[in-house]
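J.: Put chain Z on the given structure of chain P with help from the hints.
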Amino acid sequence: MEFEPVIGLEIHAQLKTESKIFCGCSTKFGGSPNTHTCPICLGMPGVLPVLNRKVVEYTIRMALATHCTIAPVCRFARKNYFYPDLPKGYQISQYELPLATGGWMEIEGTNGASRRIRIHRIHMEEDAGKLIHDDYKPFSYVDLNRTGVPLIEIVSEPDIGSPEEAASYLRAIREVLRYLDICDGNMEEGSMRCDANISLRPAGTGGLGTKVELKNMNSFKNVQKGLEFEIRRQKVMIERAEPIVQETRLWDAGRNVTVSMRGKEEANDYRYFPDPDLAPVEVDQAWIGQVRSELPELPEAKRERFVTDYELPVYDAQVLTSSKALALYFEAGLKEFARPKLLSNWIMSELMRALNKSEREIEACPVSPRDLAELLRLLDSGIISGKIAKAVFDEMFSSGKSAQSIVDEKGLVQVSDQSEIESAVDQVMSENPKEVSEFKAGKDKLIGFFVGQVMRKTKGKANPQIVNDILKKKLNG
Amino acid sequence: MDSKITRNEVRHVALLARLELSQSEEELMTGQMNTILEYMGKLNELDTKEVEATTHAIELRNVFREDRVVPSLDRKDSLANAPGADGVNFVVPRVL
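These protein sequence lines are chains P and Z, in that order. So the first sequence is numbered by the numbering used here: it starts at 1 and just counts up by one. So the second sequence is numbered by the numbering used here: it starts at 1 and just counts up by one.
Misleading hints may appear alongside valid ones.
Said to hold, decoys possible - In the SDA-like style, the derived pairs of lysine to any residue whose C-alpha atoms are separated by at most 25 Å in a straight line are:
id, chain 1, residue 1, chain 2, residue 2
1, P, LYS79, Z, ALA82
2, P, LYS137, Z, ALA82
3, P, LYS88, Z, ASP67
4, P, LYS88, Z, ARG61
5, P, LYS28, Z, LEU73
6, P, LYS211, P, ARG193
7, P, LYS79, Z, ASN8
8, P, LYS79, Z, GLU59
9, P, LYS79, Z, LEU19
10, P, LYS88, P, GLY31
11, P, LYS137, Z, GLY84
12, P, LYS440, P, SER430
13, P, LYS88, Z, LEU60
14, P, LYS457, P, ASP417
15, P, LYS130, P, THR35
Just so you know, these hints were derived from the structure itself, not from any lab. Here the structure is a predicted model, which means the values were calculated and not measured.
So here's chain P without its partners, still in its complex pose:
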C-alpha cells in the first residue's frame, strides 16, 4: 500500500529584543553563565513580571506577515512542570487565548508549484534555561541566562506533505522572520528551533493516523533527515501490523535514528491556568494599523516588484529574494549599475558560486555591491572583455581589491586597437599556414582555432568582436 505523510511543524523563534520578556535582563547570547539573571527570571517568590511591549509588537508583525487574525484580547497562562531549566516550576506561555490564529504561509511545493500551509496559531512565551551535563560526575549545570528570553511559537496545521516541503516551509518562515528583523533565524545557535508532528495515512485518504512528536532537530538538514527516518519507521510498523505509539521521539543526529523518550515524559499534564500576575493584553485596530504601516517589504511583494519594475525573469526574482541580504545587495548594486538582468546574471552565477565555494554568506561577501557595479561598468563599456571580467572578479573576491585597480595593475584593458590586433592576426596566420589553406579550402570550423590563437597572443585582452572581423577579412581575402 502507498502511504503519505501528514506533517505539522511547531517553530520556536527567539525574538531580537534587547531585554527579556518579563524583566530588564539582557538577552545577549554568549554571556558568562548566570550573569543575565534577576529575581524575576530566577523565579524568586513575590516578584512581579511585567510584559515587554516590543514582544507584543514583534508578534503582531509576524501575525500580519502570515495573514493571521489578531485577537482583540489575549492573555498568558502558566504551563506547569518540573525541570531544572525552569526555576519557577512553570513556564509563562499562552494557552486558550493566543495572540494570533488562522493564518497561512505560501511555500514552494515539491513539484515546483506554490502551496499554502495554514498556520494554526502564534503565541508568546518565555524560553527556559540551558543545561550542561558533566561527562564524568553525576551533575548537571544550569545556566539561567536564557530563562525569560522572549519566544514566539508558530504552529502550523498538518498541511505539510513531505520532508522537502517541511524544509521549504521552515525556510519560508525563517526568511519572513529575518525580513521582519524580529529573529536572526540561526538554527545551529538555537535562536530558531523546530519540532514536528508526523503520521502516515493511506495515500489519497482523508483521515489521520497516530501521530508521533519529533524533537531535537537543530538544522534544516536534520529536520528533513529526521522526518525521512520517521516515515520509513512508521511504514515498516504499519506493514508489520504493529501499532504506532503516540509518543515523543528524539532525533539522534549521530546515529541517524529517532529514539523514544517514553517514560521520561509520561507526566504530560501541564495543568494550564491563567497567570494572575500578568494583565490581559488588548490589541486594538490602531495598534495593528501602526505596526502594519511599519512593516518592511516581504519576500512575496519584493519578488513581484523585481519582475514588474526590473523586468527580471521569475526565476531570477526568486533567487534574489531568497534572502533579505541578497535582495539588498542586488538593489544596492542596481543604484550604481542600472542594468538589472546583467547584474542579476553576475550575482546568480559568479558571486553565488564564489560564496558557495568559500562557504560564506552574502553578509560576509568581500566584494561590495559598489565594487561589483564598477566591474560591470568596465565590462559593459568594453574596457575589459567578459573572460577577463571573470578573472578580475575572482581576484576581487580573494584579495578584496577594486576592479579598476586590478585592471590597472595587470594591464588588462581590452585591446580594441585595429592595427595591434591586425599584427597579431598576421602573426598567427604566418605561423599556421596549414590551417590557413585548410580554412580557405572550406573548413570553416577552423575560425575558432584562429580566434583562440589570437586571444592567446594578446593574453585574452583583444576585443573578440574585432578579432573576428579582422580574421574573416584576412582569411577570406
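T.: Okay, now just chain Z, sitting in the frame of chain P:
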C-alpha cells in the same frame, strides 16, 4: 461537593510534584485534600448567577515595560540561595 479526591489522584499529583509518598502519607493527604476541597466548596453556596467569570481581580489591561536593559543581579547573589552551585552555575543532580 461530591467530586472526592481519590487515592489515585493523590498519587498522580505526587508524581507531577516529584514527591514520593508512603502508604500512610497517601492516606493522610487524601483526607486532607478532601477537607480542603470541602472547605472551598462553601463558595459554591453563594449565588453567582449574575457575576461574570474573571481571572483577574481588577480590570487592568496592557501593563507594559519598554524594551530597556537594566543591570542584572551580581552572580554571587543569584547563586546565593541555591542548594548547589559552583560559583558560575547552579549544580543539580544529573538529568538526561
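J.: Against this structure, judge whether each hint is valid.
T.: Checked hints:
About 23 Å separates the Cα atoms of P/LYS79 and Z/ALA82, which keeps this hinted pair within 25 Å; it holds. Taken as a hint, the P/LYS137 and Z/ALA82 pair is honoured in the structure, with Cα atoms around 19 Å apart against an allowance of 25 Å. Distance restraint check for P/LYS88 and Z/ASP67: the Cα-Cα separation of roughly 23 Å lies within the 25 Å cut-off, and the hinted pair is therefore satisfied. At roughly 24 Å between alpha-carbon atoms, P/LYS88 and Z/ARG61 fall within 25 Å of each other, so this suggested pair holds.
Proximity of P/LYS28 to Z/LEU73 is assessed by CA-CA distance (about 15 Å); at most 25 Å being required, the pair is judged to hold. Restraint check for P/LYS211 and P/ARG193: satisfied, since their Cα atoms lie roughly 20 Å apart, inside the 25 Å limit. Among the hinted pairs, P/LYS79 with Z/ASN8 is consistent with the structure: their alpha-carbon atoms are about 22 Å apart, no more than 25 Å. With a C-alpha separation of about 23 Å, the suggested pair P/LYS79 and Z/GLU59 falls inside the 25 Å cut-off, and the hint holds.
Straight-line distance between C-alpha atoms of P/LYS79 and Z/LEU19 comes to about 19 Å, which keeps the hinted pair within the 25 Å bound. Of the pairs offered as hints, the one joining P/LYS88 and P/GLY31 holds, with about 22 Å between alpha carbons and a cut-off of 25 Å not exceeded. For a cut-off of 25 Å, the pair hint linking P/LYS137 to Z/GLY84 stands: about 14 Å separates their Cα positions. Only pairs whose Cα atoms come within 25 Å are accepted, and P/LYS440 paired with P/SER430 is accepted, the gap being roughly 14 Å.
Annotation: proposed proximity of P/LYS88 to Z/LEU60 holds, straight-line Cα distance about 24 Å (limit 25 Å). Our distance criterion of 25 Å between C-alpha atoms is met by P/LYS457 and P/ASP417, whose separation comes to about 14 Å. Distance restraint check for P/LYS130 and P/THR35: the Cα-Cα separation of roughly 13 Å lies within the 25 Å cut-off, and the hinted pair is therefore satisfied.
The structure shown violates none of the earlier numbered hints.
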